[in-house]
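A.B. asks: Each chain, written out:
2 protein chains.
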Amino acid sequence: MNIPQTSYPRVVIIGGGFGGVALAKKLAKQEMQVVLLDKHNYHTFQPLLYQVSTGGLEPDSIAYPIRKILSKYPNFYFRLANVETVDAAENTIHTDIGPLKYNYLVLATGSSTNFFGNKEIEANSMIMKTVPEALNLRSLILENFEEALLTDSIDRQDALMNFVIVGAGPTGVELAGALAEIKRGILPKDYPDLDTRRAQINIVQSGDMILKGMSSQASKKAEDYLEELGVNIWKNTRVTGYDGDLVTTNTDLNFNTATLIWAAGVKGETVKGIDAKDCITFSNRFKVNNFNKVEGYDTIFAIGDVACMTSEAYPHGHPMVAQVAIQQGKHLGENLVNFIEANKSMKPFTYKDKGTMATVGRNKAVVDMPKYKFQGMFAWFVWMFVHLFFLIGFRNRVVVFTNWVYNYIRFDREARLIIRPYKKQRAALLRELDNKPKDIEMS
Amino acid sequence: MNIPQTSYPRVVIIGGGFGGVALAKKLAKQEMQVVLLDKHNYHTFQPLLYQVSTGGLEPDSIAYPIRKILSKYPNFYFRLANVETVDAAENTIHTDIGPLKYNYLVLATGSSTNFFGNKEIEANSMIMKTVPEALNLRSLILENFEEALLTDSIDRQDALMNFVIVGAGPTGVELAGALAEIKRGILPKDYPDLDTRRAQINIVQSGDMILKGMSSQASKKAEDYLEELGVNIWKNTRVTGYDGDLVTTNTDLNFNTATLIWAAGVKGETVKGIDAKDCITFSNRFKVNNFNKVEGYDTIFAIGDVACMTSEAYPHGHPMVAQVAIQQGKHLGENLVNFIEANKSMKPFTYKDKGTMATVGRNKAVVDMPKYKFQGMFAWFVWMFVHLFFLIGFRNRVVVFTNWVYNYIRFDREARLIIRPYKKQRAALLRELDNKPKDIEMS
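Chains as they are written, first to last, in UniProt numbering: chain G, 1 to 443; chain X, 1 to 443.
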């Protein structure tokens with residue numbers, strides 16, 4: 001990997017998400033060598049990916065070059081790499097660009113979509129965890145409407161204009177709201193020769209409430225908002241299959257649709273080579289102690305989505321959200337500095353829950369703070385302010401803010417561009433892979 | 001195609017570039033049915049593509065949805081389609097989404113890269129005529145530097161950091177200037193562990209001046225600017241081959257490079273089915289008369305890059321630039337309206353040359369106007385103002401302006417993101433195509 005051996009201890013961080021970046025910033029100014037590996041050369045602000053999918057924001061405004069975040073630190077190294085396996089006995093990781101020795105290893109690999117073993121759904125549904133995936137969804141939504149114009153079959157038209165979102169967490173709810181606003185504000189103007197009133201937005205949820213994990217007040221209000229926008233909410237319904245045309249559920253309910261968006265769950269993106277038997281919980285996360293140390297290892301840590309730290313308050317681990325990753329990244333940074341440089345003992349991590357929020361549409365958001373809960377226009381402004389605040393990069397903030405102001409005033413979303421057609425890409429890859437859908441990687 | 005038959009005459013326009021859009025705007029408010037076909041669902045502002053390739057602008061800010069440009073006209077139809085052939089005897093075009101009858105057909109298909117028959121260069125070089133192509137180049141430039149970090153071979157490092165641009169028209173010159181600014185301002189910060197001083201930017205030109213077609217004053221000044229920025233200019237040199245590693249020329253000069261950017265020429269993007277024998281000139285454009293009517297046809301017109309209208313002032317046709325396309329689009333619009341609605345005779349087209357300009361870098365541009373020629377900072381401001389003015393969409397203008405101000409103040413270009421790695425895509429396509437490089441279409 002061409003990284004010089006120095007007298008400083010080497011900390012290798014895998015993953016440049018919220019946790020990895022927060023940790024790297026803490027460590028890079030210290031007397032240690034920090035190596036960050038990621039398979040992208042940019043940090044992705046995942047909470048706004050759904051706005052990329054729905055044409056409200058350009059992808060480049062929610063991504064930020066990792067090299068730039070850390071360019072002022074001379075002991076910091078970034079490498080664009082896919083990690084293949086960890087050899088803990090040799091303190092070495094193996095990657096597609098060669099091996100690397102470490103003194104301390106931090107797994108900040110985040111999470112990936114959890115299909116709960118359903119290969120058919122995995123092969124046919126859309127997901128939204130990375131920028132290319134969000135762009136694929138944007139292309140597909142637009143390609144669907146272009147195709148709907150061309151067919152005389154009402155059934156096919158309906159399938160192309162029917163969107164089924166599985167999972168009513170923040171991602172599912174926010175996406176449903178955005179699609180409903182597109183249906184209302186943009187489709188009638190863009191497709192006057194298509195009866196876009198027949199477009200349907202469905203959100204399917206296995207439990208009996210949406211935004212599970214938020215207050216019942218927030219959940220109820222979000223449901224009202226979605227209904228106002230014309231979204232169909234199906235609770236207590238579990239999607240069981242999707243062959244690319246028909247969605248089946250555990251009830252009598254079926255959907256004919258060309259687009260299933262799977263936002264029903266995530267799982268830890270674990271790394272091979274770390275003994276899974278003892279330390280991986282049901283959500284596929286590495287079990288860590290209070291100092292984020294992976295159980296059974298002395299020099300390997302895990303933070304954020306891929307870490308499962310249990311406590312009385314969080315018997316199944318912390319929620320898999322950005323705030324936990326950021327706080328664990330900062331905390332582990334302090335612990336490592338104290339431990340490595342001053343040989344001080346580590347302090348246990350405690351999560352400070354600053355609240356949760358979700359937005360459904362213009363002037364429609366729900367906010368749960370530890371002391372206050374509120375909904376509506378003020379909540380919507382708070383949501384926007386918080387997201388702008390956490391977005392990395394001044395230019396990104398200005399561009400996102402400009403888009404939001406424009407979209408708000410004009411009821412518009414101008415980034416509705418099919419830059420790389422999704423159907424064509426998928427067809428080419430399927431040909432190439434000789435119809436082995438489980439291996440598809442669209443990046 | 002599901003386009004209703006009405007009592008209005010139907011004008012079909014192929015291509016949503018500068019000419020097609022200008023024409024459609026003129027016609028759509030009249031008593032005629034206007035159908036615009038394009039293979040993208042957006043209009044591309046091509047003059048700024050080089051800033052996308054070099055991370056200065058996000059692609060979405062120079063693209064604009066065609067449906068949105070014309071959404072207020074009830075007789076306007078857009079279809080996302082690839083035109084396959086024209087059957088002039090039947091007044092019908094055939095496309096990948098079915099056939100369509102026309103009363104009048106306007107070819108506004110623009111131009112594509114001209115490799116002058118060199119298949120090897122076509123298979124191995126990068127081009128920059130569409131948004132996906134510009135993004136591929138952006139990815140490749142960044143992938144090169146990431147790869148250069150990993151190798152111990154000085155030769156390979158040099159090849160990865162060596163950029164050869166063929167053609168010193170505005171595109172080549174502007175790209176060379178932008179790469180030189182990246183070398184100076186960004187590489188040392190992003191790649192401190194790489195000796196980026198060794199990066200080379202070469203521009204190769206077969207003639208004895210750069211910016212051919214502009215004044216000798218502008219050409220000389222642009223050359224000075226490029227030299228100030230450290231660009232190597234090779235005049236009177238013709239590139240003869242490139243196998244992916246070695247660029248050969250008609251002189252002793254060779255380059256070892258991983259990146260050849262071909263900006264040496266364009267040719268008309270003609271449409272099959274229109275008899276080529278009589279009406280295609282050496283630059284592959286349809287010969288048209290003073291009213292933009294294609295020679296030998298009564299109801300088929302051509303405008304912009306694909307049209308060749310000769311006159312005393314322009315014995316080989318007009319320059320293939322946006323201004324000609326816009327003026328011909330507007331003019332043909334007026335002619336068609338007069339002719340179809342009032343049966344008035346058409347007026348001949350005359351090109352009003354408003355001038356030419358090119359920018360090399362910050363505060364460095366050259367402007368030739370009919371009466372004044374100037375260079376430097378003021379020219380640079382004029383260049384920016386004119387480009388903002390012609391960019392379609394208020395939001396796009398604000399976002400582009402924001403980026404320019406930011407880039408100017410910070411000496412930065414933040415969109416240096418590898419969203420879709422180019423090398424991986426190319427490898428996959430080559431596998432799929434079983435090494436038939438001439439068929440590669442990366443979109």
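Don't read these hints as lab results, they were simulated from the structure. Wrong hints could be hidden among the right ones.
When chains are identical, the list treats them as one kind, so a pair holds in a single copy or across two.
The calculated lysine-lysine pairs, modelled on DSS-like cross-linking and capped at a C-alpha distance of 25 Å, are [stated by the list, open to error]:
| # | residue 1 | residue 2 |
| --- | --- | --- |
| 1 | Lys344 | Lys39 |
| 2 | Lys371 | Lys287 |
| 3 | Lys220 | Lys101 |
| 4 | Lys354 | Lys72 |
| 5 | Lys129 | Lys423 |
| 6 | Lys287 | Lys235 |
| 7 | Lys129 | Lys424 |
| 8 | Lys235 | Lys373 |
| 9 | Lys212 | Lys29 |
| 10 | Lys29 | Lys39 |
| 11 | Lys39 | Lys330 |
| 12 | Lys39 | Lys267 |
| 13 | Lys344 | Lys29 |
| 14 | Lys25 | Lys373 |
| 15 | Lys189 | Lys25 |
| 16 | Lys354 | Lys423 |
| 17 | Lys287 | Lys330 |
| 18 | Lys347 | Lys272 |
| 19 | Lys424 | Lys72 |
| 20 | Lys129 | Lys101 |
A.B. asks: At most 25 Å between C-alpha atoms: does lysine 235 with lysine 373 qualify within a copy, between copies, both, or neither?
C.D. replies: within (24 Å within a copy, 69 Å between copies)
A.B. asks: Regarding lysine 129 and lysine 423, is the shortest C-alpha distance of 25 Å or less found within a copy, between copies, in both, or in neither?
C.D. replies: Both ways: lysine 129 and lysine 423 sit 19 Å apart in one copy and 22 Å across, limit 25 Å.
A.B. asks: Up to 25 Å between alpha-carbons, please classify lysine 344 paired with lysine 29: within, between, both or neither.
C.D. replies: Classified as within; 18 Å inside a copy, 77 Å across copies.
A.B. asks: Please sort lysine 287 with lysine 330 into within, between, both or neither, judging by C-alpha distance up to 25 Å.
C.D. replies: within (19 Å within a copy, 68 Å between copies)
A.B. asks: If the cut is 25 Å between Cα atoms, do lysine 129 and lysine 424 qualify within a copy, between copies, both or neither?
C.D. replies: Classified as both: same-chain Cα gap 21 Å, cross-chain 20 Å, threshold 25 Å.
A.B. asks: Go through the copies and call it for lysine 287 and lysine 235: within, between, both or neither, with a Cα cutoff of 25 Å.
C.D. replies: Classified as neither; 32 Å inside a copy, 64 Å across copies.
A.B. asks: Within a copy, between copies, both or neither: where do lysine 354 and lysine 423 come within 25 Å Cα-Cα?
C.D. replies: Classified as neither: same-chain Cα gap 41 Å, cross-chain 43 Å, threshold 25 Å.
A.B. asks: Cα distance capped at 25 Å. Does lysine 371 pair with lysine 287 within a copy, between copies, both, or neither?
C.D. replies: This pair counts as neither: shortest intra-copy Cα distance 31 Å, inter-copy 75 Å.
A.B. asks: Within a copy, between copies, both or neither: where do lysine 212 and lysine 29 come within 25 Å Cα-Cα?
C.D. replies: neither (40 Å within a copy, 51 Å between copies)
A.B. asks: Please sort lysine 189 with lysine 25 into within, between, both or neither, judging by C-alpha distance up to 25 Å.
C.D. replies: Between copies only: 16 Å across, 47 Å inside.
A.B. asks: Given identical chains, is lysine 39 near lysine 330, meaning Cα to Cα at most 25 Å, within a copy, between copies, both, or neither?
C.D. replies: within (22 Å within a copy, 48 Å between copies)
A.B. asks: Within a copy, between copies, both or neither: which one fits lysine 354 and lysine 72 at a CA-CA cutoff of 25 Å?
C.D. replies: neither (30 Å within a copy, 46 Å between copies)
Figure legend: structure checked against the earlier numbered hints; hints not met, in rising order: 1, 2, 3, 4, 6, 9, 14, 16, 18, 19, 20.
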